[in-house]
Every structure is written in C-alpha cells, then in structure tokens.
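Chemist: Residue numbers (my numbering): 78 to 342.
Please note that a few of the clues may not be correct.
[Unchecked claim] Now the in silico label distances, taken between C-beta atoms and shown as ranges:
1) VAL139 - SER182: 41 to 49 Å
2) SER321 - SER240: 19 to 27 Å
3) PHE301 - SER204: 41 to 49 Å
4) ARG331 - SER182: 47 to 55 Å
5) SER335 - SER204: 28 to 36 Å
6) VAL78 - GLY234: 42 to 50 Å
7) ASN219 - LYS317: 49 to 57 Å
8) LYS317 - ILE233: 54 to 62 Å
9) THR203 - SER240: 23 to 31 Å
10) GLU212 - SER237: 20 to 28 Å
11) TYR83 - GLU196: 26 to 34 Å
12) ARG331 - GLU196: 55 to 63 Å
13) ASN219 - PHE301: 42 to 50 Å
14) GLU223 - ARG331: 38 to 46 Å
[As the list claims (entries may be wrong)] Below, simulated DSSO-like cross-link-like pairs (lysine-lysine); rule was C-alpha separation at most 30 Å, straight line:
15) LYS255 - LYS200
16) LYS303 - LYS317
17) LYS180 - LYS275
18) LYS275 - LYS200
19) LYS255 - LYS275
20) LYS303 - LYS275
The hints are simulated quantities; they were obtained by calculation from the structure and are not laboratory data.
Where is the CB? At the ideal position from N, CA and C, for every residue including glycine.
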Amino acid sequence: VEGSQYDIYCWAQDAAVDSNGYSRRNYMAHSYVAADVSTALSPVGGRTANVWIVDSTSPTMVYVMRQAISSNTLRVTLQLNEPGTIWCNPVEAPSGSGAVNCKASTVQDTNPSAGCYFEPFVKGSTSDSTVFLVEAHEAYQNYDIEMNRIYEADLIGSASLQSETSYEIICFAEDDWKIQASAATSSLNFVAPSGPNKVTLAAARSIVSAVGTISTLDEAPPSFTKLQIQDPTAANSAIKVTFSLNEPGTAYCRAMLSDSGESAA
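Work out the full structure: start from the sequences and follow the hints.
Modeler: As structure tokens, this is what we get:
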C-alpha cells in the first residue's frame, strides 16, 4: 500500500553438504532473523523495520460546492483523497479581458518566467494578501476556502474582488507524503523524499469546470436617481410619483397627512 510502512524479515539457508555430498543445509535461527539489522553493510540480524512503500501518486481534489459569501468574497468547498494542502485563487471569467489578471485558460505550467505560472499563481503571495489555503488533515472531509482578492497575472499586486462580478476559481493541491515520511521513525536505509506529490494543471482545470462561473453578491441598497412629485397634484384623488433607480428593483410609496404625527417607519 502506497505511503505505508512495513517491517521486513529476511531469512536464509546455505548450500552445505555432508561428506557424501548430500545436502546438509544450515538455517538462520529465528532469534537472528528477528534481530534488527542495525548496520546494512555489517548486519547483526535479519529485521529491517519501518520501510516505506513510496507514495508516487498525486492527490485528487473533489469538488463539493461553491458559494458567494458577500460582495467581495467567494467560497469553494473541496475534499482531498489523502491528507495534504489545498490552495485556491479566483481568476477572471472567460468573458474578461485578461489584460491585468489571469483567466483559467491563460494559467500555464511551461514557463516559470511568464505570467500566470500555475503553482506560484494559485499558491498566492503573503505580501499581496492572496494566500488562500486550507490544510486537509483527513481524507474525504469537506474543507472551505474563502477568497477576497484576485492576484495579478505578473504575480505582483492584487485587487479586491468586485461586487456583482463573475469569476472562476482555480485550485492547486499537494499531499503530505514528504512531511509524513520525514517525521516518522524510518529504517536505517531511509532517504527523505525530495518533495510532495502535486496535482497537474489538467486536474486543476477539471475543478475549474466543476466550479463554473460564480458572481459576487450585490450588497448595496438601491438609490433613487430621480424622485419627482407634482405639487400641487394634477387630481384631487391621486398623487403621481415619478422615479428611477440606479439598478433594477421595485419602489413603494406611502402617503401620510403632514400633520398626522406619523413617521415613515
């Protein structure tokens, strides 16, 4: 099983013969086989404990749901099939210009010197307030990542997400293989892994497709751009109000006698 440790016991017999040339083999004693090797080139036993089966498989991200939290915050809920870390960052919707910010289609993994380079872009920058991550300690558990800024394509600078604006979300993940293996009690032959296993850009784009386009919320109340009442009224049985709003909506008006003592509440 990948990412698991095993104790290895080795036993041997020789090819000795008796004076007539018949097989008379000698066998390692159980006590010798059960003793630790201690030194690979001068073993004093046959047991090598805590040998790792290499984990060479990239983690798998599982999309659960997405939600706009506010006028400048988006949330995506993901799972990993093994312990690891997930990073996400918003990108411009496909209809965006892509002049300043990345789009999912312009994120690339071939040229580290060019903009929108996959891993560093999605992992973000602390100085630009674009690090949105979660440590997924358990497999197949829901983990939320909230994002409120968009990283610029050149990885220098960021901006707040805009109200009522469409975005896509791209995510990156790596497993805990290097951390797990390096922290455990290992065999005398152990060589630490060079790094974790990471998702590919193709896998990240599949999450982009699953999430789809999501828009931030409208949290600003409407305002009148026009509010006009003929005074005196044209008729003695009705009051005509002419208005317009700064956005689609519905307006309501109520008439009260000026000297009634009522309020608008």
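Chemist: Each hint needs a verdict: does it hold in this structure or not?
Modeler: Do the hints match the structure? See the list:
1. Under the hint 41 to 49 Å, the C-beta atoms of VAL139 and SER182, about 23 Å apart, miss the expected range.
2. For SER321 paired with SER240, a C-beta distance near 20 Å keeps the hint of 19 to 27 Å intact.
3. Between PHE301 and SER204, the C-beta spacing of about 42 Å keeps the proposed range 41 to 49 Å intact.
4. Taking the beta carbon of each, ARG331 and SER182 are about 52 Å apart, inside 47 to 55 Å as hinted.
5. Between SER335 and SER204, the C-beta spacing of about 59 Å breaks the proposed range 28 to 36 Å.
6. Distance hint for VAL78 and GLY234: a CB-CB separation of about 45 Å, consistent with the stated range 42 to 50 Å.
7. In this structure, ASN219 and LYS317 meet the distance hint of 49 to 57 Å, their C-beta atoms being roughly 55 Å apart.
8. Distance hint check for LYS317 and ILE233: the Cβ-Cβ separation is about 56 Å, which falls inside the suggested range of 54 to 62 Å.
9. Here the CB-CB span from THR203 to SER240 is close to 25 Å, well matched to the stated 23 to 31 Å.
10. Between GLU212 and SER237 the beta carbons are some 25 Å apart, a value that agrees with the proposed interval 20 to 28 Å.
11. Distance hint for TYR83 and GLU196: a CB-CB separation of about 32 Å, consistent with the stated range 26 to 34 Å.
12. Roughly 59 Å separates the CB atoms of ARG331 and GLU196, a value that falls within the hinted 55 to 63 Å.
13. For the pair ASN219 and PHE301, the beta carbons lie near 43 Å from each other, so the given range of 42 to 50 Å is met.
14. The given range of 38 to 46 Å is respected by GLU223 and ARG331, whose C-beta atoms sit roughly 40 Å from each other.
15. The straight-line distance between the Cα atoms of LYS255 and LYS200 is roughly 18 Å, inside the 30 Å bound, and the hint therefore holds.
16. For the proposed pair LYS303 and LYS317, the alpha carbon gap of about 13 Å is at most 30 Å, so the pair holds.
17. Pair hint LYS180 plus LYS275 holds up; C-alpha atoms about 21 Å apart against a cutoff of 30 Å.
18. Restraint check: the Cα-Cα separation between LYS275 and LYS200 comes to about 12 Å, which is no more than 30 Å; the hinted pair holds.
19. A threshold of 30 Å between alpha carbons decides the hint, and for LYS255 with LYS275 the separation of about 11 Å falls inside it, so the pair holds.
20. For the given pair, LYS303 sits about 56 Å from LYS275 by alpha-carbon distance, which is inconsistent with the 30 Å threshold.
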